[in-house]
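Please work from the sequences and hints to get the whole structure.
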Amino acid sequence: MSASYPPMSRKIINVVMLTLTGLCTLLVLSVLLTILGYLLWKGASSLNLDFFTKIPAPVGQAGGGVENAIVGTLKLLALATLIGVPIGLLGGIYLSEFAGGWSAFTIRYTTDLLNGVPSVVMGIFVYTLVVVPMHHFSTLAGGIALGIMMIPIALRSTEDFLRAVPRSLREGGLALGASKSETILTIVIPAAIYGILTGIMLDIARVAGETAPLLFTAFGNLFNSPGWLQPSASLPVIIYTYAISPYEEWHKQAWAAGFVLLSGLLVLNIISRLILARGKKISHG
Amino acid sequence: MRFAEDEPAEEQLPWPQFTVSNLDFYYGNHKALKGINLIVPNKRVMAFIGPSGCGKTTLLRTLNRMNETVPGTRVEGSIRLGDKDLFSVPATRLRRVVGMVFQKPSPFPKTIFDNVAYGLRLDPTIRRNEIADKVEKSLRRAALWDEVKDKLHQSANGISGGQQQRLCIARALAVEPEVLLLDEPCSALDPISTAKIEDLLFEIKNLCTIVIVTHNMLQAARVADYVGFFLNGELIELNRAKQIFQNPENQQTQDYVTGRFG
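Those sequence lines, one after another, are chains R and A. First residue of the first sequence: 612, per this note's numbering; consecutive thereafter. First residue of the second sequence: 46, per this note's numbering; consecutive thereafter.
Derived by calculation from the structure, the hints in this document are not laboratory data. Do not take every clue at face value.
[As the list claims (entries may be wrong)] Lysine to aspartate or glutamate pairs mimicking EDC-like chemistry, simulated, CA-CA at most 20 Å apart:
1. A:Lys149 x A:Asp130
2. A:Lys196 x A:Glu181
3. A:Lys76 x A:Asp128
4. A:Lys149 x R:Glu782
5. R:Lys863 x R:Asp723
6. A:Lys155 x R:Glu860
7. R:Lys791 x A:Asp168
8. A:Lys250 x A:Glu229
9. R:Lys892 x A:Asp159
10. A:Lys149 x A:Asp270
11. A:Lys250 x A:Asp228
12. A:Lys194 x A:Glu181
13. A:Lys241 x A:Glu192
14. R:Lys791 x A:Glu113
15. R:Lys791 x A:Asp235
16. A:Lys155 x R:Glu678
17. A:Lys149 x A:Asp228
18. A:Lys155 x A:Glu192
19. A:Lys79 x A:Glu113
20. A:Lys250 x A:Asp270
21. A:Lys129 x A:Asp244
Written out as C-alpha cells, the structure is:
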C-alpha cells in the first residue's frame, strides 16, 4: 500500500463533503437553539413560580400565570393518548401480522390520507360532531380531535417496528406450539416494545403543539376547567391569544409559554430517543 | 425404499415415527417435492442430504407443518405420525410433539431462563413450581447448564453463537417432544460448537427421534443412523448411513457423496 493512497482528489472530496454536511448539521441545530434562546430571552422575566401555579390575572395586575393552560394541555394529551394509541396500536398489529393484499393496501392508504387532513379541518369536523350537539366547547372535544390526529402515526410506527422483528423469532415461537396470537403477544410485541413506546411519545409530541383544532373544540378558558365537559385552556391556544392581544404583560407571558412548550417537546423527544437506544442495546447486547 | 440386505433382523425397520407416502409439495406452481416415499424410524437419527434446492429443508418443514405459515403452499399425498394422520391434529398441538431447531440461532430477546421456560409456560397443565426443574433438566441435556447456571436471568443475547444454538436446542427439548427436527443446526457455527452439538445429539437420541438436514456430509456420516439423499425434489436413495457412504446403490448418490457435484 503506497503512501499516495487514497489519491489526493479523494482526500479533498472527503474533506469538502465532511465540512458541508457538518455545516448543515450546525445550521439546523442553530435554528433550534436560536428559537429556544430567543423565547427564553424574551420571556425569562415571566418565568417565575406564579407562572406555573397561578391562572391568568386581570390585565394591569402583576403576577398571574398559565397554570390552567399547562393543566389543560396535559389533560388534552392524556385524553388524546387514550383515544389515539389503542386504535393506532391495534391497527398497526393487524396491519403487520394479519392483513394481506387489498385490505393492507386500503388501510395504509386511508391512514395516510387521514394523516394529511389539515388540522384546522379536523377541528371543524370535531366541532360539528361533538361541540354542536353538546352546545358548548369542551376538553372532551379537544381530546377527540387530537386523538384522531394521533391515530395514523401510532398505526404506521407500530407497524414499522413490528415488521422489523425478525421472522426467525416468530417461527421459533410457532415451532414450540404457540398459536399465532400467542406468538404476537408474548414474543413479537415485547421484542418491538421500545420502538412502539418511542413512536407513541413522538406522536404525543407532535400533537402537543397543534393549535387550530383546539380553537374549535376546547376553545379556551381564563379559569381552570373542571372535569372534561367544560372549555379548556391549552398552551398553544394561550400563546395565540396572548400574542395577538394588545397587552405587553401578556406578550411576555406568551414568549415564556412558548419556551415552556418547546422545552417540553424537546425533553419528550430526548427521552424517547434514550428509551429507543436502551432498547436496541438490550436486544442486541 | 430398501434397507441393506445383511441387516440383523431386530434392526429391520424400527417402528416408524413418520410414514410419508407419495408426497408432492408445491410453492405456488413450483413443484418442490415429487412423489416422496419414506419412513423415519423411531428413536434413530435420520439425515437428509443433498445439494442446495433439492427439497430436504422443504420436507423437514412439512413434518411439523411449518410450511403452512408460508402463503401459497400446497401438500398432496399423506404423512402419518405413528398411526395418526399428520393433518388431523391442530398444528399447535403437533408442534409440541414435533420440535424444531433452525439454522440461525434465534433466542428470544428474553432471559436464558425465560427462553427455555417459554414452551413450558404455554402449557397450562404444567405447574409453576415444576418449571425451574424442567429448565435445568433441559439445559443439562443440551450440555449448556454448567456454562449458564450462574446467569440464568441475564439476556440470552449475551452468550456466544454456539451457546445460543444449544439454548435453542434446550428450548425445544424442554417440552419433551417425541421428535426433534434440526435444519442445518451447525452451519452458522464454528467447529468446536459443532462438535459439542453433535455430541449432544448422541445423548438425546434415546429421548426422541431426530431428523437433521445437513450440507455437511462428514457430519451426516458422524451422527446419522439412516441417510436420505435428495436431488431436485426427489428421494434418490434411503439407506443405513454406512451403506450410503461406503456402498451406495445409486450412481447419483455415489457422485454426490464422493464430491463430484453438490
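List of violated hint numbers, smallest to largest: Going through the list in order, the structure violates hints 1, 3, 5, 6, 10, 15, 16 and 21 and respects the others.
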